[in-house]
Every structure is written in structure tokens, then in C-alpha cells.
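Number of protein chains: 2
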Amino acid sequence: MKAEIITIGDEILNGQIVDTNSAWIAQQLAPLHIRVLQITSIADTAEAISQALSEAETRADIVLVTGGLGPTKDDVTKTTVARYFDTTLVRDPKVLAHVESLFQRTGYKDMPEINKQQADVLANARVLFNDVGTAPGMSVERGGKYFAFLPGVPFEMKFLITNRVLPILRSREQETRVYNAYLLTVGLGESHLARQIADIEEAMPAHIKLAYLPKLGLVRLRFTAVGANLSQLTEETEQIVEQVKMRLAAYVVAQEDISFEETIVRLFAHAGQTLSTAESCTGGYISSLITGVSGASAVFQGAAVTYSNEAKVNLLHVAPHTLETEGAVSEQTVQEMAEGAKRIFHTDYAIATSGIAGPTGGTDTKPVGMVCIAVAGRFETLVKTYYFKNDRTINIERSAVAGLTMLYNLFKKEYMLDVE
Amino acid sequence: MKAEIITIGDEILNGQIVDTNSAWIAQQLAPLHIRVLQITSIADTAEAISQALSEAETRADIVLVTGGLGPTKDDVTKTTVARYFDTTLVRDPKVLAHVESLFQRTGYKDMPEINKQQADVLANARVLFNDVGTAPGMSVERGGKYFAFLPGVPFEMKFLITNRVLPILRSREQETRVYNAYLLTVGLGESHLARQIADIEEAMPAHIKLAYLPKLGLVRLRFTAVGANLSQLTEETEQIVEQVKMRLAAYVVAQEDISFEETIVRLFAHAGQTLSTAESCTGGYISSLITGVSGASAVFQGAAVTYSNEAKVNLLHVAPHTLETEGAVSEQTVQEMAEGAKRIFHTDYAIATSGIAGPTGGTDTKPVGMVCIAVAGRFETLVKTYYFKNDRTINIERSAVAGLTMLYNLFKKEYMLDVE
Numbered sequence: 001m002k003a004e005i006i007t008i009g010d011e012i013l014n015g016q017i018v019d020t021n022s023a024w025i026a027q028q029l030a031p032l033h034i035r036v037l038q039i040t041s042i043a044d045t046a047e048a049i050s051q052a053l054s055e056a057e058t059r060a061d062i063v064l065v066t067g068g069l070g071p072t073k074d075d076v077t078k079t080t081v082a083r084y085f086d087t088t089l090v091r092d093p094k095v096l097a098h099v100e101s102l103f104q105r106t107g108y109k110d111m112p113e114i115n116k117q118q119a120d121v122l123a124n125a126r127v128l129f130n131d132v133g134t135a136p137g138m139s140v141e142r143g144g145k146y147f148a149f150l151p152g153v154p155f156e157m158k159f160l161i162t163n164r165v166l167p168i169l170r171s172r173e174q175e176t177r178v179y180n181a182y183l184l185t186v187g188l189g190e191s192h193l194a195r196q197i198a199d200i201e202e203a204m205p206a207h208i209k210l211a212y213l214p215k216l217g218l219v220r221l222r223f224t225a226v227g228a229n230l231s232q233l234t235e236e237t238e239q240i241v242e243q244v245k246m247r248l249a250a251y252v253v254a255q256e257d258i259s260f261e262e263t264i265v266r267l268f269a270h271a272g273q274t275l276s277t278a279e280s281c282t283g284g285y286i287s288s289l290i291t292g293v294s295g296a297s298a299v300f301q302g303a304a305v306t307y308s309n310e311a312k313v314n315l316l317h318v319a320p321h322t323l324e325t326e327g328a329v330s331e332q333t334v335q336e337m338a339e340g341a342k343r344i345f346h347t348d349y350a351i352a353t354s355g356i357a358g359p360t361g362g363t364d365t366k367p368v369g370m371v372c373i374a375v376a377g378r379f380e381t382l383v384k385t386y387y388f389k390n391d392r393t394i395n396i397e398r399s400a401v402a403g404l405t406m407l408y409n410l411f412k413k414e415y416m417l418d419v420e
Numbered sequence: 001m002k003a004e005i006i007t008i009g010d011e012i013l014n015g016q017i018v019d020t021n022s023a024w025i026a027q028q029l030a031p032l033h034i035r036v037l038q039i040t041s042i043a044d045t046a047e048a049i050s051q052a053l054s055e056a057e058t059r060a061d062i063v064l065v066t067g068g069l070g071p072t073k074d075d076v077t078k079t080t081v082a083r084y085f086d087t088t089l090v091r092d093p094k095v096l097a098h099v100e101s102l103f104q105r106t107g108y109k110d111m112p113e114i115n116k117q118q119a120d121v122l123a124n125a126r127v128l129f130n131d132v133g134t135a136p137g138m139s140v141e142r143g144g145k146y147f148a149f150l151p152g153v154p155f156e157m158k159f160l161i162t163n164r165v166l167p168i169l170r171s172r173e174q175e176t177r178v179y180n181a182y183l184l185t186v187g188l189g190e191s192h193l194a195r196q197i198a199d200i201e202e203a204m205p206a207h208i209k210l211a212y213l214p215k216l217g218l219v220r221l222r223f224t225a226v227g228a229n230l231s232q233l234t235e236e237t238e239q240i241v242e243q244v245k246m247r248l249a250a251y252v253v254a255q256e257d258i259s260f261e262e263t264i265v266r267l268f269a270h271a272g273q274t275l276s277t278a279e280s281c282t283g284g285y286i287s288s289l290i291t292g293v294s295g296a297s298a299v300f301q302g303a304a305v306t307y308s309n310e311a312k313v314n315l316l317h318v319a320p321h322t323l324e325t326e327g328a329v330s331e332q333t334v335q336e337m338a339e340g341a342k343r344i345f346h347t348d349y350a351i352a353t354s355g356i357a358g359p360t361g362g363t364d365t366k367p368v369g370m371v372c373i374a375v376a377g378r379f380e381t382l383v384k385t386y387y388f389k390n391d392r393t394i395n396i397e398r399s400a401v402a403g404l405t406m407l408y409n410l411f412k413k414e415y416m417l418d419v420e
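Listed in order, the protein sequences are those of chains S and L. Take 1 as the starting number for the first sequence in my numbering and just add one per residue. Take 1 as the starting number for the second sequence in my numbering and just add one per residue.
Keep in mind that a hint or two might mislead.
Pairs involving identical chains hold if they fit within one copy or between any two copies, as the list cannot separate such chains.
Below, in silico cross-link-like pairs of lysine-lysine (DSS-like), each with a Cα-Cα straight-line distance of 30 Å or less [to be verified]: (1) K209 with K116; (2) K109 with K209; (3) K209 with K245; (4) K158 with K215; (5) K389 with K94; (6) K158 with K209.
Bear in mind the hints are in silico, worked out from the structure with no lab data behind them.
Just chain S, same shape as in the assembly (with noise of 0.2 Å):
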């Protein structure tokens, strides 16, 4: 099946926002054996947007639209989207009522027409309840083809595309069975790992097919298999997964399509060890990444931002003659501050980084991107010093990724001497 994903609305087109979530719905999409013919962006006007339907229409099988909708700018797209199919608005009385709780929340009586005109849905449309916003999504079918229409703010748009579009995408495609599996690597580029698997790739059938998705330092493999019989589909796949795992066992982290962040706090819940931060640099990057995972709170116990050299002095002991010497930026003095977290936050581990993440604030020895970061195990302390070359944000990040890194093979080395 062929999908087309249209954007409304004018701050993609002036630059303001870039576009991720049509890279995000490509990725959903991407399972279900459905390729994306067309990504277009529109103004919400109603030429645009009739404009952008008729031809997406044309080409396509799936059309999933986001943005132009929300109390102040619906008007135009669902207006537009109704004359396209030949229907009117009507008011969903269960919408109405949602709009009218949240409305509520905010303290304010008598909510006022603009957002009662967001219970207004196509009169022939399958309402896609959104319990995260105001703005309800909506499904209509027609000729055999599906056409969505949801909201842009990145969060409505994708609980709704979760947990109301792609169940019915699922049950429309029946004769078909399609079974995913993934490997997720680190520390080794993707034309590499291409090259080292490259023999298993070759031989592989036509109905499966390897996808490799980087992302700053990690690599994501996706096996899809497409077929009529899913356990033997799944049985195909994953003895290829089990030759590629072991062909690539130093750079695997997880075999499922979690965040390397995720994996990491669930080796250390089952292995019954604790993980703190000191991060400069990173600015606290790592420990909200930690956090954000669900559950950390077994394994995590704290981080100290330390972005003044008084602040690692204080919270983490560094000595002052090691700021004095070899500076803020130097594999001593992170050395002093990992171990400095692992003795205040009492963890069995801890991360540290201090560098230049820029843009100003570099000079000739210690240059924009200079990172240096420890971690400090139970056993020992790894201190490595990275030289990235990115602006301020991509740094940081490429930072997180590289203590992340260092910190998951000093676990597994030093675990493997527990189970020895």
C-alpha cells in the first residue's frame, strides 16, 4: 500500500519549525509494509489544501493529513475538508464534552463558540478521539482509499496516530503479514556494519529486508519480513537476526526497539545496580534522558550540574588545584567528578563530562567540541577525551551518547567478571 502525508500549515514553510513528524509517521508506517510515496507541506488556505488532497488522492492509497486544526485556525481545514468529500460539520456531542472538561481545568466559565466549533467533526467521518488535546482527529474512507486528518502538535499527532490509526491501518491489512525484528548497535558507523554483515545481507530472501536507521552514534537494523504465513516469517527472521547478533555481538545493545537509555536502566534494575551523573557540558542532558525512562527511579539516584568550577568544588570535591592545573576541561578533573558523584549519591556507578559544546569558549589547545568524560565503575574509572566537531546542541548530544557508551561497556566488562 502507497501513503502520501500532507503538512498544513505556514511555519514549516517559513522555516520556523522543521518538519519530524512526517519522519516520524514514515517510521510507524514503515512496519506495516506501507511506502510513502509523497510528503507535501501546504499553507492552510482552501486552495492549497483541496488542491494537495485531489492529487495525493490520485496517487495514493492512504492520505494522513496533520495540522490546520485547533481552536483558533480549524475553520479553513475542516471547512475545505468538507466540501471535498460533500458533507457538513456536525457537532460530536462526546467531543464537545471533552473540549468542555479541559476547558474547565483552566478555571474560566462559559467556554465560547471558537471552542465549541472544535467538536465539529465531518458529518461522515469515524471520530479519532484524541484524550491528550482539544483538537479530534477524524477518518474518512472513500473509494477504498483511507484519509486521516489529525492534529500537528507532535504529541496529539502521535498518540492519535498510535492508538487510533494505525489498529485500523493493522485490520485493513489482512492477506498480508508482515513480522519486524531489531538490533540495536553503538560505536560502529553504518557503512561498516554494513560491510561486516555484508555476506548474511547478500544472502538473505527477497521477502525480507534489512533497514539501517543512524542516529548520532547509534545504529538501529530493522529486519521486515513480508509473507502470508507470520510464524514462519518469524522464524526466517530471526535466526538471520541471531547470525547478524552474533557477527556484530561488540556493538549489540538491545534486540528490541527500545532507546538506548531504556537499556540501560533495565540491565542495571536486573543487575541491582544504582547510576548517578555529574555532568558539565551536558548540562544534566544525560540524567533527563536517564529519567525520562519509566522506572528509573530503581536504578537512578541523582546527578550534580556542576557548570561553575565553584559548583565542582562544592557538590563533588574536586580539588581545586586539579581546576588550577589542568583545568575545567581535562580527564582529571572529570575523573575527580565521577568518582566525586559516585561517593555523594553512594552509586556503583557514574558518568562525568565537562567540555566545550560551544559555539564561543574554545581556544587553540582546547577547541569548540573537546568533551572529556569518565565513568567510574566498581571496580575501575575510564577516562576517554572526544573531539566533536557540531554546534551546541549536537554536541551535547553526541556527548550523552558517548558516556552512555562507555558507561554500558564498563558495566558488561565488569559484570561478566561477577558471573566468572
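Add chain L to chain S, keeping to what the hints say.
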């Protein structure tokens, strides 16, 4: 003038990469008052390419195409584009020499035909010489419309837009001018804002449009004016912005297109004030937002992420008695956390959070989504309890925005005292 952007390549359609090129291009066009009408991502097939070109040509004055050029894939794009413009491909000797010199640097001899083809350009095109890569850009003019074809690799595309395309576009005659102005508001929803300024919006001339761009607790207002005379547009728009700003004075935090955290860093830097955080449920997220802003080090001293009770006592000196009688998620605890952070980091202000982010850990009296937030200022400490009702990620994000909003309001109040 109206532009369209077409991006060619499967990696965007299958969600493997996010299209950041288009937003960057749109940002470069805005100062030239060129409005992007549509952004289209398509596969690298002859059919998709010629269809997208012909649709764009009917609507826009400028068509910028990225991607689909490169040694393994430029075949389809170039031959399709040549056919579209009724022309042929010719080998450009200057480009060929450049490609050969880059090839020789790799140490290989005998450049294969596939690389020589990189020097093939449309016979009727102006070559946009690519100093930083092997794929040349090309531009074609037809019927007063301007087309440019550029490689998709971001730094090559950026080089060519900046050094080859923008100079040409600048020299073309422009009739339509566009002026944008922004207001960032916090603390009031989209529909409530709209109601408060309904009369101003109603009275706005037709050529000035107002868009509401909401994002978890924040709403950005964008005013876009289109017309012939830029200085007149600027004056008209700024008058309206001033009216709206006065009406919404309690909610407006910035008059530029910047983030809330950047607003706060700038304000604090300007006033010479310092900040720290003490975070439980937000797990360092507030700290990572603040430190994501370049220049944060002038303002931000550090954060204590105290996930465990032990860390709350040891690092922030929260009284064990408070934790026993009131619990970790309580107004008394966050008040002591905020005041503790102020003391240990020696800052003028501190934000503290403690709550139940979910999905587990809730009780009848302290449900998932309950978050206590304190902001300690120079003269007083504000404390408030919120009940968010979303998933873990969103509860954390909402807590961060609520904490920053409390901080902003307390800062403003105390700053006023200084000024008086």
C-alpha cells in the same frame, strides 16, 4: 515572489532522515521576502520528478530542487530534468577537471565513467559550480521562472544556496514584500488569547495575518504582512504588535522569535542575576533546557538532580522530618529544595520540582501528574501544586514550562521593585 522546494530521495520518505534542508532554505529566502508556498518530498523516479516539477511550475516563480544528484543516483534526475526542459546533457570540461582532481585525492587511479557523468549538465543550464563537492548545481530560467537543482548533502546545498543561488535571486526584480513579527506568550491558552484580542484581530487589514503557534504551555503569535512597500508593512505591523503586546502584557515574555529558555537566559544575563535548579521529577530537564542556550554559563551555576530522598537530604539539606511527615512530593519539600539549591549554588534564584511523572507511582492523594514546584527568589519563595494528566514525557515537559513561568513572573516582580 513565491517559491516551492522539492526534495528528491527515498531517505526522507521512509523516515530515515528528517528534512532539515527545506526549513534552512525557507529561512534564507525570508529576508529576500520570498514566500515558500509548498515543500514537496518525492522519490527519485522519472514520473515523480516530472510531475512535481510541472505542478510547482504552475504555482511558483522560483523552484528549488535538492537531492537526486550524486554518483550512484543522478542518472534519473538529470535525464528527467533534461527531458522536462527539452534539452540534452553535455559534459562540462571545468566541472570534469574539478571532479577528476577530487577523485585523485582518494588515491585511486582511472576514474570510472560513473564519476565522469557527474560533470554532465543540462545544455541550457547555468552551472552552479560546487567548490565543496563533486555534484554541480544547475539553474535554468523559463518563462520568467527560475529553477535551481542542487545536491541534497546539507553542507553542499548550503554552499550553493549561499554563494550561487541567493546572489541571483537578489538581483531579480521583486514586487511582493513580506514582513514577519513575533510575540511569545506563556500562561494562557490559544483560545483565551484569541478572545482577549478578538477586536484587534478583527480590525486588522486583510494583508496582515495572525497565526497562533502553540507548544505545551506556550503560544507564539506570528504576524505576517504581505504587500508592495516594506517600510509601510513594517510600520503597520509593529503598530498592531504594540496593541496586542499591551493587551496581553501579563502573558508576553518575548518580542522575538526565540525560545522561552533563551528569553530567561538573556533577561538574567542583562540583570546580572544567577540561577540554579533542584530537580526531582523533571530529572535535569529544566537544567538541560537552560544549558542548551549558548551563553547560559553567565547565568546558570548548576543543578542538583535529587531523585532519591537521601540525595535530597545530603545535597540540598531538606529536613528528614519534612520528608517523613509531608513526603517527597509536597510543597514543603520543594520549598526546602529550592532554598537549598540557592544556598549551595550561591544563586539569586532557584527552581525546584518534585512530582509523580508516571506512569506508575501514583496514589489516591498523590495521583500521577501531581507536581509541586517552588521558585526561590531574592526576597520570597513561591510554591504551587499542579495536576497534569498526561504521559511521563509530557508531564515532565509541562512541569518545566510551569517552573520557568513561575521563575519568569517572580523575576519580573522583584525586578520591578528594584526599578522603583
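field: Violated hints - listed by number, lowest first
entry: No hint contradicted; all consistent.
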